[in-house]
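Position chain B against the provided structure of chain A, taking the given hints into account.
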Amino acid sequence: MRVMVPAALRSYTRELQLEAEGDTLVDMFVDLDRRFPGLRFRVVDEQGLLRPNMRIFVNGRGVRDLQQGLKPDDFVAIVLALSGG
Amino acid sequence: MSRTSAAATAKNPGSARTRSAASASTRLLLMVATRKGAWFFHSDAKRKSWTVDGPHFLGHTISHLMLDPRDGRTLLAAAKTGHLGPTIFRSTNLGRSWKEAVQPPAFAAPADGSSLPGRSVDHSFWLTPGHASEPGIWYVGTSPQGLFRSDDAGERWAPLASVNDSAQFREWMGSAQDGTPDGPKLHSVIVDPRDPQHLYFGMSGGGVHESRDGGKSWSTLIQGMEVVGGFDPTSVTFHDPHCLRICPTKPDRLYQQNHCGIYRLDRTGRPADDVWQRIGRKMPKRVGDIGFPMVVHPRDPDTAWVFPMDGQDVWPRTAPGGQPAAYITRNAGKTWQRLDQGLPESQAWWTIKRQAMTVDAQAKPALYLGTTSGELWIGRDEGAKWTNLARHLPEIYAVEVAELA
Numbered sequence: 001m002r003v004m005v006p007a008a009l010r011s012y013t014r015e016l017q018l019e020a021e022g023d024t025l026v027d028m029f030v031d032l033d034r035r036f037p038g039l040r041f042r043v044v045d046e047q048g049l050l051r052p053n054m055r056i057f058v059n060g061r062g063v064r065d066l067q068q069g070l071k072p073d074d075f076v077a078i079v080l081a082l083s084g085g
Numbered sequence: 001m002s003r004t005s006a007a008a009t010a011k012n013p014g015s016a017r018t019r020s021a022a023s024a025s026t027r028l029l030l031m032v033a034t035r036k037g038a039w040f041f042h043s044d045a046k047r048k049s050w051t052v053d054g055p056h057f058l059g060h061t062i063s064h065l066m067l068d069p070r071d072g073r074t075l076l077a078a079a080k081t082g083h084l085g086p087t088i089f090r091s092t093n094l095g096r097s098w099k100e101a102v103q104p105p106a107f108a109a110p111a112d113g114s115s116l117p118g119r120s121v122d123h124s125f126w127l128t129p130g131h132a133s134e135p136g137i138w139y140v141g142t143s144p145q146g147l148f149r150s151d152d153a154g155e156r157w158a159p160l161a162s163v164n165d166s167a168q169f170r171e172w173m174g175s176a177q178d179g180t181p182d183g184p185k186l187h188s189v190i191v192d193p194r195d196p197q198h199l200y201f202g203m204s205g206g207g208v209h210e211s212r213d214g215g216k217s218w219s220t221l222i223q224g225m226e227v228v229g230g231f232d233p234t235s236v237t238f239h240d241p242h243c244l245r246i247c248p249t250k251p252d253r254l255y256q257q258n259h260c261g262i263y264r265l266d267r268t269g270r271p272a273d274d275v276w277q278r279i280g281r282k283m284p285k286r287v288g289d290i291g292f293p294m295v296v297h298p299r300d301p302d303t304a305w306v307f308p309m310d311g312q313d314v315w316p317r318t319a320p321g322g323q324p325a326a327y328i329t330r331n332a333g334k335t336w337q338r339l340d341q342g343l344p345e346s347q348a349w350w351t352i353k354r355q356a357m358t359v360d361a362q363a364k365p366a367l368y369l370g371t372t373s374g375e376l377w378i379g380r381d382e383g384a385k386w387t388n389l390a391r392h393l394p395e396i397y398a399v400e401v402a403e404l405a
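Taken in sequence, the protein lines are chains A and B.
With our numbering applied, the first sequence corresponds to residues 1 to 85, in that order.
With our numbering applied, the second sequence corresponds to residues 1 to 405, in that order.
Quick caveat, the hints were computed from the structure, so don't treat them as lab data.
The beta carbon of each residue, even a glycine, is placed where N, CA and C say it ideally should be.
You may find that some hints are simply not true.
Unchecked claim - Just a sample of chain B residues kept apart from chain A, beta carbon distances all over 12 Å, derived:
id : residue
1  : Pro69
2  : Glu100
3  : Ala108
4  : Asp122
5  : Pro135
6  : Asp178
7  : Glu210
8  : Lys250
9  : Lys285
10 : Thr335
What the hints assert, rightly or not - According to the in silico footprint, chain B covers these stretches of chain A (three or more CB under 8 Å from chain B):
id : region
11 : 34–41
12 : 51–60
The following block holds chain A by itself, in its conformation from the complex (with noise of 0.2 Å):
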């Protein structure tokens, strides 16, 4: 699937749009880790949990349950929640 990735972890990917694998989004964080260690941890805690302020669409669709299945041909956005201050 392709997946877009905030500016913030650009650090990890060097670029904001990539490729991705996996039957649901713990694979898919899985498949990320793999080649850009240490960026699930960023985005998903230790308990499994996506991290408080950060959201994930699944073609537009606001998804918090890493269980969820994907196909190959879906687009997974990683959007940082809007905040100040």
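Chain B in isolation, oriented as in the chain A frame:
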């Protein structure tokens, strides 16, 4: 901010001598951790002029920066951002380049059958290099409260189950909801300079604890400490130490700034007699003895400093009366003297967080303050005369000083 002489310094970092006397070639490094990045300030033994190197990690929340005094070159930075999870960055060239820890501090998953809920590190808070005889070992205290150890100079961090997964500790800690507005913290991780197995830490809240076996088991040190009125002082839960310090030249003496006053503990070797003494009762009544930082003299165990704040009613956490001042004792807390020459005389409503006040080890030590309003101050002659070093930084969380050879 510009990178000036810091670059030249970084080429030959040498070894840190955080507790040695001055020499003609002395170079001092101030490490300033802020809500939105890190800065370094460089000077010599005179401490007259300072050059600045920064920002590093612009936009990252840096809770603490610490240079390893054992090798003089390994710097650790406890970092997160508003969105991204916590991590540790490492540098071995005084910040010219940084590399992320391979395995940042992270709580273990709950054990099978455990009723304790799983936890996630929000931020690493307090970095402590291990004993001089144990190069590469570091400790870090986190929020929510957890204790972690690295055996490889900060690359990989492992949780200490004796604290993090102890039902007793978890009861004393409470949940993240029970802590201060920016999260309950495990702090003041101290290694006895005489014994690498002898450790201390404090929990806000959750008391003071020590281990004599390198963290395998722990005992509690709260005798004599007071708690908020109406609560039971024998309950560890209600104790809120803000900052602990050990005297380098008299390690049986500890000082503590607590939510409920300033204390000194002289270890006796007899647990029943290890009782904290509230030395803050000798502070001026109009100022009180509430605050966050506590600093001890590098050589004189009778000398210590505090920086009081307003802890009345809703806890404004500002300088009392808008008139910031440090206070020094030179007799282990029998009397205190106000040190405010050079600091604003009125309408200054900032204060100092628990890691944002420190002292160097020069023949005549200077103090350093980082304020919640982003100002960096030096207190020359042991705090007798204050001078501003920098303004307009982000909120300062921590200030550390090291001496480079």
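Going down the list of hints, with the structure as the test:
| no. | hint | in the structure |
| --- | --- | --- |
| 1 | Pro69 | holds (27 Å) |
| 2 | Glu100 | violated (5 Å) |
| 3 | Ala108 | violated (8 Å) |
| 4 | Asp122 | violated (9 Å) |
| 5 | Pro135 | holds (25 Å) |
| 6 | Asp178 | holds (18 Å) |
| 7 | Glu210 | holds (27 Å) |
| 8 | Lys250 | holds (40 Å) |
| 9 | Lys285 | holds (37 Å) |
| 10 | Thr335 | holds (42 Å) |
| 11 | 34–41 | holds (count 3) |
| 12 | 51–60 | holds (count 3) |
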